[in-house]
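**Student:** Residue numbers (the UniProt record's numbering), protein chains in the order written: chain X, 1 to 103; chain E, 1 to 472.
It cannot be assumed that every hint is accurate.
Unchecked claim - Sample of chain X residues at the chain E side, in silico, Cβ under 8 Å:
no.	residue
1	Glu-4
2	Phe-12
3	Ile-64
4	Ser-77
Bear in mind the hints are in silico, worked out from the structure with no lab data behind them.
Beta carbons are placed, not taken as given, at the ideal position from N, Cα and C, and that holds for glycine.
Okay, here's what each chain looks like letter by letter:
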Amino acid sequence: MSQELYTNLAIFVLSLLVGFEVISKIPATLHTPMMSGANAIHGVVVVGAILVALEADTPTFYVIAFIAAFLGAINVSGGYVVTDRMLEMFSKPKDKDNKGGDK
Amino acid sequence: MSGLMTLVSLCYLISAICYVMGLHMMRTPKTARSGNRLSFVGMILAVIMTFLIVLEKNDTTMAAWLVLLVALVLGVGYGVYRARTVKMTDMPQLVSLFNAVGGGAAAAIGTFDYLSKPNGASLAVAFSLPVILDLIIGSITFSGSLIATGKLAGKVSGKPITFPGAKLLNGIVVLIILAAIVMTVGFPTNVWTLVTAIIASLIFGILMTIPIGGADMPVVVSLLNAFTGLAVAMAGFVIDNQVLIIAGALVGAAGTILTLQMAAAMNRSVANIIAGGFGTGDSGGASAADDVPVNVKETSADDIGVQLAYAKNVMIVPGYGLAAAQAQHEVAELAKLLTDNGINVNYAIHPVAGRMPGHMNVLLAEVNVPYDQMKQLEEANSMFENTDVSLVIGANDVTNPAAREPHTAISGMPILDVDKSKSVVVIKRSMSTGYAGIQNALFSDDKTSMFFSDAKKGLQDIIASTKEYLDQ
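Next comes chain X alone, as it looks inside the complex (with noise of 0.2 Å):
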């Protein structure tokens, strides 16, 4: 085994393990924005496009490439946002509170 394959596949189960610790306490009312939040996260498969992209250079692989990218772009941004969307009215009544009653 490559040192490289090693180091990869160390990086590998050690993050599923913290994935495991990070995540097993969460209070279900927030499953949904967590689920979201986790998802927003395997946007990052965007740098993937990215670098994979810039490789391109025939017809095919532009096609490919711009699959890639295009989709994972939607996957990010998209991602993020509603995320913030589902968080936000969470935090909307104290807001209220604080601020007094502007409706």
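Fit chain E to the supplied structure of chain X, relying on the hints for placement.
**Tutor:** Frame of chain X, contents of chain E only:
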């Protein structure tokens, strides 16, 4: 490592820390929003660093830049537009759609890298295994999530769709996928292996999702979310990018935990849901609850108005029907009306009420229901004894006392003890059974009265009649 690569690698590490901390902060409502924003900052950083890498390499054709930038602008534009304009009741299917495109992007990256190797080349296992897994998992989540999106949006029938020979077809597709893995790992590259793997995986994604009923969709969406994470991690192995591996693995683990928790709250195993759900699989045959005599008491909006106006403690039990009818504004209005008149109002929220776990909380938060009025299962159950009127809106299985009996389809599922309150009003469109397909003894209970109506329309009528009695 060159100076630039050192900077990039360190920044990738900071991004990874942002994702982990961000997810961690999303555990409590107080810090959840900042957590999501922290993870967003990490994402921006990762994207900027990625551009630095390609600028440094400087061997990119103009056409490639053009394709990339157009794709990114269109993608971001579409994603942000959909996310900003979606109605909160439609949000589950949007999350599922974003999940689909993530899987599709991961599969496209794998396809790109596979095709960039010369046809007939022998690949090292360290490349071929992740690339084929990336393709397969990415394609499965792409088609599977699209079907889930369609089901949640009502464009594909929410009922379990089964057909003769489904099991056989499934088996064949799985065999083809396994063969494609062997072909990729053990033999030189071949475009047809790739095409076969993608098509078989897309079909498998569809076959896996269509037999599942609408109420189980959240679990499936969550499972596919975890799958996408793994596909992204595999893409990270393929292009040797650690930030993809870390973020993908994090989401893979997170999605798995979330899926197990959702399934546990419904007293189902993930395997059971995937295998096709109640009725088609191993539900315990004729159950005790089937024998419940169906003699129910029907009531009117007028009667309910009186009951509510003279109650001290009211518990609202929202369910799937409320979300489907988009009646959250009406519920909040009724609750406010009662609260303003000195009546104690709380909401009993079952972990899987609505279309996704926590979905009900989101819907109620949208209409400014105070956080402390939303009672989770255990707290709510301790309050039912002192509740004068429980108002069940579009909920069924989560209130069914049959869950306490052995040998029913929902035995052992945690339920809301609505039947312990002094009186119960159920707003429901018909006597039809819930997802479990069994009668609900609560509905024929002596203290229960049924109000057959769409949740939205029914609540409007109840608000009108309650107002009259409160004004007297």
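**Student:** Now tell me, hint by hint, if it's right for this structure.
**Tutor:** Hints and how they fare:
no., hint, verdict
1, Glu-4, "7 Å, holds"
2, Phe-12, "5 Å, holds"
3, Ile-64, "5 Å, holds"
4, Ser-77, "4 Å, holds"
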